[in-house]
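Novice: Chain residues, written in single-letter form:
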Amino acid sequence: MLSLKPEEDRELRELLTKLAKDSKAKIIFFVDKAGQLISRSESPAFSSDDVTFASLTAGNVAASEALSKLLGESNLSHMFTETENEGIYMIVINGKYILVVIFDKRVSNLGIVRLKVKKYYAKILGIMERVERRIKEETMVSEAIDVDDIDLDSLFESGDS
Amino acid sequence: MPFVNFATKEINCKIVYYGPGLSGKTTNIKWIYDHIKPENKGEMITLATETERTLFFDFVPIEVSNVKGFKVRFHLYTTPGQIIYQASRKLILKGVDGIVFVADSQEERHDANLDTLDDMIENLRDYDIDVSNIPLVFQYNKRDLPNVLSVDVLRRDLNRWSRPDFEAIATKGIGVLETFKEITRQVLKTLKRNT
Ligand SMILES: Nc1nc2c(ncn2[C@@H]2O[C@H](COP(=O)(O)OP(=O)(O)O)[C@@H](O)[C@H]2O)c(=O)[nH]1
Ligand SMILES: [Mg+2]
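Just so you know, the protein sequences line up as chains A and B, in that order. For the first sequence, the residue numbers in the numbering used here are 1 to 161. For the second sequence, the residue numbers in the numbering used here are 1 to 195.
I should point out that these hints are in silico values taken from the structure, not numbers from a laboratory. Hints may be right or wrong, so weigh each one.
To be verified - Keeping only pairs whose Cα atoms sit at most 27 Å apart, straight-line, the calculated DSS-like set for lysine-lysine is:
#	chain 1	residue 1	chain 2	residue 2
1	B	K94	A	K123
2	B	K172	A	K96
3	A	K5	B	K90
4	A	K118	A	K26
5	B	K94	A	K69
6	B	K30	B	K189
7	B	K94	A	K96
8	B	K172	A	K33
9	B	K30	A	K5
10	A	K33	B	K94
11	B	K41	A	K5
12	B	K189	A	K96
13	B	K37	A	K96
14	A	K105	B	K90
15	A	K119	A	K105
16	A	K119	B	K30
17	A	K96	B	K71
18	B	K41	A	K136
19	A	K24	A	K136
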């Protein structure tokens with residue numbers, strides 16, 4: 001099970017925020033291949049549904065990977081999508097994670113983004129490798145999660161069903 | 001694989017609704033989406049063809065907070081049922097924490113149920129997941145139709161691991177919530193076992 005400790009979360013977020021500044025990106029997401037949002041840069045100006053964005057990103061990368069396999073390519077490493085004003089650059093990290101950079105094409109460009117991502121790649125990977133090692137060594141995480149307390153009935157509008 | 005962030009106190013879990021084409025997977029998660037309080041849900045995404053058949057997946061994010069301050073996010077996915085989308089089905093299973101198998105109770109759809117179950121077991125195996133080891137719930141849907149098989153037959157042929165199972169009429173919301181609650185309960189239990 002993947003988990004982030006508060007200090008790991010902060011480290012990752014700071015790194016992504018720095019990368020966003022450096023590359024003049026609007027926002028950077030860090031997602032796992034199953035579609036879960038792991039972290040993002042601090043970009044208050046950007047508003048969108050992060051969780052949905054993460055899910056669609058992973059679906060997009062998974063489909064492209066399957067396509068490139070059909071073509072006989074071993075593995076997809078990165079991809080680029082653009083709208084009229086925005087560029088979305090996605091790169092697979094260590095076969096497990098996806099880094100997504102969204103930038104305004106009038107403010108930054110693909111060249112800069114790729115260059116800066118290259119520069120930060122090893123650091124991001126380093127954090128995640130450390131996290132993975134920590135998880136492996138840990139025999140017990142924490143009793144902090146008391147799932148019995150979760151009340152599913154409160155999720156639904158009353159009067160239904 | 002669930003993801004736990006101890007800084008933001010968030011837990012993410014992925015639940016996949018699996019089953020043959022037109023068995024009612026999309027109807028299940030649409031019903032859940034429509035009945036959940038606005039503050040507990042994100043945006044529903046449907047990647048469908050023009051004829052409303054699921055092309056890649058449907059997605060519903062649900063958030064629930066508990067008293068200890070943890071927020072649990074369930075990501076519900078459905079798979080496309082048609083045989084030709086085998087590749088897409090497999091992609092969606094990546095990182096799955098729990099599965100709802102939505103069977104079509106109609107007699108003429110039983111072969112499709114069986115084929116899809118085989119396909120699911122095989123896809124899970126490719127991800128090194130043993131079907132007897134993962135949270136799993138069966139739903140026998142479309143109980144309102146005249147030509148349905150008995151629950152005993154469905155259970156015997158599909159639910160070989162004696163997991164919790166439910167009859168449902170998803171279009172009326174019958175059995176939908178029970179199924180959802182059971183799979184979340186199982187998923188949360190494994191979370192506890194892992195931590
Ligand atoms: N009679 C009946 N029809 C249902 C039931 N559940 C779903 N359907 C219908 O079956 C069709 C396929 O449902 P859908 O949810 O799209 O199937 P999916 O391919 O599994 O996502 C739709 O026309 C639904 O309205 C049910 O319990 N009873
Ligand atoms: Mg569907």
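Novice: Each hint: holds or not?
Specialist: Do the hints match the structure? See the list:
A hinted pair counts as satisfied when its Cα atoms are at most 27 Å apart, and K94 of chain B with K123 of chain A qualifies at roughly 26 Å. Under the criterion of a C-alpha separation no larger than 27 Å, the hint pairing K172 of chain B with K96 of chain A is inconsistent with the structure, at around 40 Å. With a CA separation close to 31 Å, the supplied pair K5 of chain A and K90 of chain B exceeds the 27 Å bound. About 18 Å separates the Cα atoms of K118 of chain A and K26 of chain A, which keeps this hinted pair within 27 Å; it holds.
For the proposed pair K94 of chain B and K69 of chain A, the alpha carbon gap of about 17 Å is at most 27 Å, so the pair holds. Proposed proximity of K30 of chain B and K189 of chain B is supported: the alpha carbons are some 25 Å apart, at most 27 Å. Between the alpha carbons of K94 of chain B and K96 of chain A the distance comes to roughly 11 Å, so the proposed pair stays at or under 27 Å and holds. Between the alpha carbons of K172 of chain B and K33 of chain A the distance comes to roughly 34 Å, so the proposed pair goes past 27 Å and is violated.
Only pairs whose Cα atoms come within 27 Å are accepted, and K30 of chain B paired with K5 of chain A is rejected, the gap being roughly 34 Å. Restraint check for K33 of chain A and K94 of chain B: satisfied, since their Cα atoms lie roughly 7 Å apart, inside the 27 Å limit. The suggested pairing of K41 of chain B with K5 of chain A holds, with an alpha-carbon distance near 26 Å, which does not exceed 27 Å. At roughly 25 Å between alpha-carbon atoms, K189 of chain B and K96 of chain A fall within 27 Å of each other, so this suggested pair holds.
At roughly 33 Å between alpha-carbon atoms, K37 of chain B and K96 of chain A are farther apart than 27 Å, so this suggested pair is violated. For the hint pairing K105 of chain A with K90 of chain B, the CA-to-CA distance comes to about 35 Å; that exceeds 27 Å, so the pair is violated. For the suggested pair K119 of chain A and K105 of chain A, the alpha carbons sit about 20 Å apart, so the restraint of at most 27 Å is met. With a C-alpha separation of about 43 Å, the suggested pairing of K119 of chain A with K30 of chain B is violated against the 27 Å cut-off.
The straight-line distance between the Cα atoms of K96 of chain A and K71 of chain B is roughly 24 Å, inside the 27 Å bound, and the hint therefore holds. Only pairs whose Cα atoms come within 27 Å are accepted, and K41 of chain B paired with K136 of chain A is rejected, the gap being roughly 33 Å. At most 27 Å may separate the alpha-carbon atoms for a hinted pair to count; K24 of chain A and K136 of chain A exceed this at roughly 36 Å.
The structure fails to meet hints 2, 3, 8, 9, 13, 14, 16, 18 and 19 from the earlier list, while all remaining hints are met.
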